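A.B. asks: Chain by chain, the residues run as shown.
2 protein chains.
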Amino acid sequence: MLFHSGSEPQAVPVKAERLHFSEPLELAGGGSFLGYELVYESYGRLNAERSNAILICHALNASHHVAGLNEEGELGWWDNMVGPGKPIDTERFFVIGVNNLGSCFGSTGPMSINPSTGKPWGPDFPVLTVEDWVHAQARLADRLGIVRFAAVMGGSLGGMQALAWSLLYPQRLAHCICIASTAKLSAQNIAFNEVARRAIITDPEFHGGRFYEAGVLPRRGLQVARMIGHITYLSDDVMAERFGRLLRGREAGEAYRYTYDIEFEIESYLRYQGEKFAGYFDANTYLIITRALDYFDPARAFGGDLSKALAQARCRFLVASFTTDWRFSPECSREIVQALLACDLEVSYAEINAPHGHDAFLLDNPQYHQLLRAYAQRMASNLGLAA
Amino acid sequence: MLFHSGSEPQAVPVKAERLHFSEPLELAGGGSFLGYELVYESYGRLNAERSNAILICHALNASHHVAGLNEEGELGWWDNMVGPGKPIDTERFFVIGVNNLGSCFGSTGPMSINPSTGKPWGPDFPVLTVEDWVHAQARLADRLGIVRFAAVMGGSLGGMQALAWSLLYPQRLAHCICIASTAKLSAQNIAFNEVARRAIITDPEFHGGRFYEAGVLPRRGLQVARMIGHITYLSDDVMAERFGRLLRGREAGEAYRYTYDIEFEIESYLRYQGEKFAGYFDANTYLIITRALDYFDPARAFGGDLSKALAQARCRFLVASFTTDWRFSPECSREIVQALLACDLEVSYAEINAPHGHDAFLLDNPQYHQLLRAYAQRMASNLGLAA
Numbered sequence: 001m002l003f004h005s006g007s008e009p010q011a012v013p014v015k016a017e018r019l020h021f022s023e024p025l026e027l028a029g030g031g032s033f034l035g036y037e038l039v040y041e042s043y044g045r046l047n048a049e050r051s052n053a054i055l056i057c058h059a060l061n062a063s064h065h066v067a068g069l070n071e072e073g074e075l076g077w078w079d080n081m082v083g084p085g086k087p088i089d090t091e092r093f094f095v096i097g098v099n100n101l102g103s104c105f106g107s108t109g110p111m112s113i114n115p116s117t118g119k120p121w122g123p124d125f126p127v128l129t130v131e132d133w134v135h136a137q138a139r140l141a142d143r144l145g146i147v148r149f150a151a152v153m154g155g156s157l158g159g160m161q162a163l164a165w166s167l168l169y170p171q172r173l174a175h176c177i178c179i180a181s182t183a184k185l186s187a188q189n190i191a192f193n194e195v196a197r198r199a200i201i202t203d204p205e206f207h208g209g210r211f212y213e214a215g216v217l218p219r220r221g222l223q224v225a226r227m228i229g230h231i232t233y234l235s236d237d238v239m240a241e242r243f244g245r246l247l248r249g250r251e252a253g254e255a256y257r258y259t260y261d262i263e264f265e266i267e268s269y270l271r272y273q274g275e276k277f278a279g280y281f282d283a284n285t286y287l288i289i290t291r292a293l294d295y296f297d298p299a300r301a302f303g304g305d306l307s308k309a310l311a312q313a314r315c316r317f318l319v320a321s322f323t324t325d326w327r328f329s330p331e332c333s334r335e336i337v338q339a340l341l342a343c344d345l346e347v348s349y350a351e352i353n354a355p356h357g358h359d360a361f362l363l364d365n366p367q368y369h370q371l372l373r374a375y376a377q378r379m380a381s382n383l384g385l386a387a
Numbered sequence: 001m002l003f004h005s006g007s008e009p010q011a012v013p014v015k016a017e018r019l020h021f022s023e024p025l026e027l028a029g030g031g032s033f034l035g036y037e038l039v040y041e042s043y044g045r046l047n048a049e050r051s052n053a054i055l056i057c058h059a060l061n062a063s064h065h066v067a068g069l070n071e072e073g074e075l076g077w078w079d080n081m082v083g084p085g086k087p088i089d090t091e092r093f094f095v096i097g098v099n100n101l102g103s104c105f106g107s108t109g110p111m112s113i114n115p116s117t118g119k120p121w122g123p124d125f126p127v128l129t130v131e132d133w134v135h136a137q138a139r140l141a142d143r144l145g146i147v148r149f150a151a152v153m154g155g156s157l158g159g160m161q162a163l164a165w166s167l168l169y170p171q172r173l174a175h176c177i178c179i180a181s182t183a184k185l186s187a188q189n190i191a192f193n194e195v196a197r198r199a200i201i202t203d204p205e206f207h208g209g210r211f212y213e214a215g216v217l218p219r220r221g222l223q224v225a226r227m228i229g230h231i232t233y234l235s236d237d238v239m240a241e242r243f244g245r246l247l248r249g250r251e252a253g254e255a256y257r258y259t260y261d262i263e264f265e266i267e268s269y270l271r272y273q274g275e276k277f278a279g280y281f282d283a284n285t286y287l288i289i290t291r292a293l294d295y296f297d298p299a300r301a302f303g304g305d306l307s308k309a310l311a312q313a314r315c316r317f318l319v320a321s322f323t324t325d326w327r328f329s330p331e332c333s334r335e336i337v338q339a340l341l342a343c344d345l346e347v348s349y350a351e352i353n354a355p356h357g358h359d360a361f362l363l364d365n366p367q368y369h370q371l372l373r374a375y376a377q378r379m380a381s382n383l384g385l386a387a
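Read top to bottom, the protein sequences are chains A and B.
Under the working numbering, the letters of the first sequence match residues 1 to 387, in that order.
Under the working numbering, the letters of the second sequence match residues 1 to 387, in that order.
Quick caveat, the hints were computed from the structure, so don't treat them as lab data.
These numbers were taken from a predicted model, which means no experiment stands behind them.
The beta-carbon is built from N, C-alpha and C at its ideal position, and this holds for glycine as well.
It is possible that part of the hints are untrue.
Stated by the list, open to error - Some chain B residues close to chain A (C-beta under 7 Å, calculated; not the full set):
| # | residue |
| --- | --- |
| 1 | V127 |
| 2 | S186 |
| 3 | A187 |
| 4 | Q188 |
| 5 | A191 |
| 6 | A199 |
| 7 | V216 |
| 8 | D236 |
| 9 | Y256 |
| 10 | Y258 |
| 11 | I266 |
| 12 | L270 |
| 13 | R314 |
What the hints assert, rightly or not - Once the Cα atoms are required to be at most 25 Å apart in a straight line, the calculated SDA-like pairs of lysine to any residue come out as:
| # | chain 1 | residue 1 | chain 2 | residue 2 |
| --- | --- | --- | --- | --- |
| 14 | B | K308 | A | L247 |
| 15 | B | K276 | B | V238 |
| 16 | B | K119 | B | V216 |
| 17 | B | K308 | A | E241 |
| 18 | B | K276 | B | D297 |
| 19 | A | K276 | B | G208 |
| 20 | A | K119 | B | D261 |
| 21 | A | K276 | A | E71 |
| 22 | B | K119 | A | D261 |
| 23 | B | K308 | B | L345 |
| 24 | A | K276 | B | E205 |
| 25 | B | K119 | A | Y258 |
| 26 | B | K119 | A | T259 |
| 27 | B | K276 | A | G208 |
Stated by the list, open to error - Listing some non-contacts, in silico: residues in chain B with all C-beta distances to chain A over 12 Å:
| # | residue |
| --- | --- |
| 28 | E23 |
| 29 | E37 |
| 30 | A48 |
| 31 | S51 |
| 32 | G106 |
| 33 | S116 |
| 34 | H135 |
| 35 | G253 |
| 36 | Q367 |
| 37 | Q377 |
| 38 | G384 |
Throw the hints in and build the complete structure from the sequences for me.
C.D. replies: In structure tokens:
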């Protein structure tokens, strides 16, 4: 355990757990998936009533490692939100982070061995949906003995899973916390996903998804995909403020180098992000997750009427958006809120003033964290949890 | 010549001309370019006073073929704007469209033979700037005997060239018409260009820019580059309206196919655009033009003070932007207008209500065309041109 000298909360060491599921999982795309493993972490203690559990669902490039310090010495992706004394206080709540099926961070995914061939699944791994993930998460809850979550929460794609929980298992959550998310992708959102997928699929080293066997990686495609994604995570404003037209390694007045290599700071930053990502993320997983994003549209089965879809829900909702998020803009969250209100469901909504764009949901914004802290306290008192 | 039965103006046949320039062209990036050709078209007649010439500068993927019907039977990219009886009326004005140096549509560019090697220039073609193009265009004007243009005009990158004309040759234009443009790219703009370039440069078939010799084309990179560009040309709204979440070849209620191949209409559209572009556009030209966009920043030599830069201008200005353009938003145009006003220069500004995003500058919007028609008429009377 690491100790800090200041008042900063100490990072809690955490160890991932792994569970095997042998019952077939029926998939939205047809067929069923047989025999898979889910990796998860948990923080805090489940109370005797089993009423203090919060499930945290991850977004595109995250994992079960939500909080604390794992064995590799890495801090969880939402460690500023979840932990002792933090907005989601693990001294009060039992928090679970789960790695979704199809991911590349430990749960069964395209890199895993397909028992029927003895080779990695690769492109034969089934196309998955947000709903498939939720069903798999519900089984994890069963195994952990959690009948009803105090909350299911997530940001971005994680928020979609929280929303899907409220519709697929209305009795199994008291609260749905849906942050920087949307009830469906726009044509522009799908377009960005499609370009990213094309970059990967057309990389000659993708080998139709069987690159593991070829002993190569479609690095170039993954880099481009990540660079595109990254642009959409940041606001125009924050890019202007952090990078503007700064030249890499040059003073303001110095001459251009007149090159197609790195000239501007923003180029250096994006390339770095792209290369880092290509080093740890699986290309087939990228396809699976972006496609799950594209397909999410709970209103679709109700002729496009979102309030009809949300009428299945029974929990209370917290919906939050960020003013400069242009990937899933406040308008997307307002659409959810209006549909919930049309169903007479209880919903709190906050539009948080933040310059950081979509990424804001991961950052330590005082207004945002205060909102979550207050909401979690209200949840605790609603649920009769000890202070 | 094609004749239409209705009241629609007939398409005018046009033939491209070619001029050779032997005097070295000094380049912003250092060195000079020796011996090049520029291809151009012209429409209407130069009057005896040589006072009715308008130069039209092209944007990223366009050419000298601005208006009329060329020998390949293709209509010019701004044929709705330029022609007999059109907003830029060729019965009154003598209009010139020029293909820029470094392009792939006829003027000397990376596909041309480098006389010192006997092979295509490829990556050895110099990095160019908007200012380099303007200097080359000024020589074309010299050869055509045009001392002073009635106007230099363009949209997007073409607008940057018009702006640069007003600063580099202040005495050689009476009017600068700058549409859907900007005085400098933002970090986000540069970021999109950089991703597009990375897609091209990392395509194994790019061969460091020497793909001509390898007998291949970096089609995959060009496709991805074009798809990214295309997303930024369209507004979120127009994408939603034209494509939304429509499935390709399926009715609204039909099931998803659960595939990484084309599922949504927007995917089909973008792939088609990408493939078409890869079939006709040169990859090295794409690098040259996007880099010229990145580098354009006339305020840079004045410590970032745009009004100091624009103080060199002597002409009148028309600046126009489109409400839903998020590539070069109205704010970019307003910045130009405010800097011009700070210099006591005469400027008309219009923010045109159009749903189409950046592409609006190419489209036949009545409010927009009426504005250009009225401005051109005012120019004509200012310049004492016969009606």
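A.B. asks: For each hint, tell me whether it holds in the structure or not.
C.D. replies: Hints, one by one, checked against the model:
1. V127: holds (4 Å)
2. S186: holds (6 Å)
3. A187: holds (4 Å)
4. Q188: At about 5 Å, which falls below the 7 Å cut-off, the nearest Cβ of chain A leaves the hint on Q188 of chain B intact, so it holds.
5. A191: holds (5 Å)
6. A199: holds (5 Å)
7. V216: With Cβ-Cβ at 12 Å, over 7 Å, it is violated.
8. D236: holds (5 Å)
9. Y256: Nearest chain A Cβ about 6 Å off; hint holds.
10. Y258: holds (3 Å)
11. I266: Result: holds, 5 Å to nearest chain A Cβ.
12. L270: holds (6 Å)
13. R314: It is violated, given that the least Cβ distance between R314 of chain B and chain A is near 27 Å, above 7 Å.
14. B:K308 to A:L247: holds (22 Å)
15. B:K276 to B:V238: Satisfied, since the Cα-Cα distance of roughly 21 Å is no more than 25 Å.
16. B:K119 to B:V216: holds (15 Å)
17. B:K308 to A:E241: holds (23 Å)
18. B:K276 to B:D297: violated (31 Å)
19. A:K276 to B:G208: holds (23 Å)
20. A:K119 to B:D261: Within the cut-off at roughly 23 Å; holds.
21. A:K276 to A:E71: Measuring from Cα to Cα gives roughly 20 Å; hence the hint holds.
22. B:K119 to A:D261: holds (23 Å)
23. B:K308 to B:L345: holds (12 Å)
24. A:K276 to B:E205: holds (24 Å)
25. B:K119 to A:Y258: holds (23 Å)
26. B:K119 to A:T259: holds (21 Å)
27. B:K276 to A:G208: Given pair K276 of chain B, G208 of chain A holds - Cα atoms ~23 Å apart, limit 25 Å.
28. E23: holds (22 Å)
29. E37: Since the minimum Cβ distance to chain A is about 23 Å, E37 of chain B lies beyond 12 Å and the statement holds.
30. A48: Consistent with the label, A48 of chain B stays out of reach of chain A, its closest Cβ about 43 Å off (over 12 Å).
31. S51: About 37 Å separates S51 of chain B from the closest Cβ of chain A, which puts it past 12 Å; holds.
32. G106: Given a closest Cβ separation of 23 Å, the condition holds.
33. S116: Correct as stated: the minimum Cβ-Cβ distance to chain A is 20 Å, above 12 Å.
34. H135: holds (16 Å)
35. G253: violated (8 Å)
36. Q367: Given a closest Cβ separation of 25 Å, the condition holds.
37. Q377: Non-interface label stands for Q377 of chain B: nearest chain A Cβ at 37 Å, farther than 12 Å.
38. G384: holds (42 Å)
Against the hints set out earlier in the document, violations occur for numbers 7, 13, 18, 35.
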